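**Student:** Take a look at the letters that make up each chain.
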Amino acid sequence: MKFGILVNEGPYQHQASDTAYLFCKAVLAQGHEIFRVFFYHDGVNNASRLTEPPQDDRNIVARWSKLAEEHGVDLVVCVAAALRRGIKDENLAPGFRISGLGQLVEAGIQADRLVTFGD
Amino acid sequence: MSDEPGIKKFMFVNRKAPYGTVYALEALEVVLITAAFDQDVSLAFLDDGVFQLRKGQQTKGIETKNFSPTYRALEGYDIEKLYVEKEALAARGLTEDDLLVDVTVLDRKALGALMDEQDVILSF
Numbered sequence: 593m594k595f596g597i598l599v600n601e602g603p604y605q606h607q608a609s610d611t612a613y614l615f616c617k618a619v620l621a622q623g624h625e626i627f628r629v630f631f632y633h634d635g636v637n638n639a640s641r642l643t644e645p646p647q648d649d650r651n652i653v654a655r656w657s658k659l660a661e662e663h664g665v666d667l668v669v670c671v672a673a674a675l676r677r678g679i680k681d682e683n684l685a686p687g688f689r690i691s692g693l694g695q696l697v698e699a700g701i702q703a704d705r706l707v708t709f710g711d
Numbered sequence: 013m014s015d016e017p018g019i020k021k022f023m024f025v026n027r028k029a030p031y032g033t034v035y036a037l038e039a040l041e042v043v044l045i046t047a048a049f050d051q052d053v054s055l056a057f058l059d060d061g062v063f064q065l066r067k068g069q070q071t072k073g074i075e076t077k078n079f080s081p082t083y084r085a086l087e088g089y090d091i092e093k094l095y096v097e098k099e100a101l102a103a104r105g106l107t108e109d110d111l112l113v114d115v116t117v118l119d120r121k122a123l124g125a126l127m128d129e130q131d132v133i134l135s136f
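Protein sequences, first through last, are from chains H and C.
Start counting the first sequence at 593; every next residue gets the next number (the numbering used here).
Start counting the second sequence at 13; every next residue gets the next number (the numbering used here).
No lab work stands behind these hints: they were computed from the structure.
Just so you know, these numbers come straight off a predicted model, no measurement behind them.
Mixed in with the good hints there might be a few duds.
[As the list claims (entries may be wrong)] Think about it this way: if two alpha-carbon atoms lie no more than 27 angstroms apart in a straight line, the pair counts; the simulated DSS-like pairs of lysine-lysine are:
{"#": "1", "chain 1": "C", "residue 1": "Lys77", "chain 2": "H", "residue 2": "Lys594"}
{"#": "2", "chain 1": "H", "residue 1": "Lys594", "chain 2": "C", "residue 2": "Lys72"}
{"#": "3", "chain 1": "H", "residue 1": "Lys680", "chain 2": "H", "residue 2": "Lys658"}
{"#": "4", "chain 1": "C", "residue 1": "Lys77", "chain 2": "C", "residue 2": "Lys20"}
{"#": "5", "chain 1": "C", "residue 1": "Lys21", "chain 2": "C", "residue 2": "Lys72"}
{"#": "6", "chain 1": "C", "residue 1": "Lys121", "chain 2": "H", "residue 2": "Lys680"}
{"#": "7", "chain 1": "C", "residue 1": "Lys20", "chain 2": "C", "residue 2": "Lys121"}
{"#": "8", "chain 1": "H", "residue 1": "Lys594", "chain 2": "H", "residue 2": "Lys617"}
{"#": "9", "chain 1": "C", "residue 1": "Lys20", "chain 2": "C", "residue 2": "Lys93"}
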């Protein structure tokens, strides 16, 4: 099955990003496909390469980057939401790209299931 | 599910008050883009989301943009399916007359049945 993922919350403040990541891992482990992960609202903060969590904590941003590198998962950050929150190409973590909301709609059209993580 | 190839039924479920968080405003942005993709778009308002459609919003005091006129502009994007949950209105002492656009009021069960027919549900 082809999944689209929507992440609506920022890292560390809210569990949504953690759960979305773990869901993606489970989806891939079972041989399904991730069409795209789209980051919206405060979810765009998952793409900041300036993030520096304490060493004994999980690195949420690096985890997403690794997922993109190892599985070719398309990580897309909404441009309007990103610019509002100071996320730009110059501070974008590896594996992420900035694009428009049309990418979310396309995920809804192309994927068999679009799964939302957030409040 | 939608019968037309390439067109899916997208329902946007609005559950939060218009101000206080950015969900309602950014949900509207997705709604407009989805309509531009010629999809079958509907909006549902429940919980505090019904306040998004309240007439007479004044946001000057919180120095935030009053985006409620956008709901009236939806018609121009061929978005005419707006559903409001009857129980949510009643719980907040509101009636259809308090809302700034024409809507279809449905009870919780009917709205649930409508959600069942959708291809994609985005909840904000």
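**Student:** Looking back at the numbered hints, which does the structure fail to meet, lowest number first?
**Tutor:** Failing hints, ascending: 1, 2, 4, 5 and 6.
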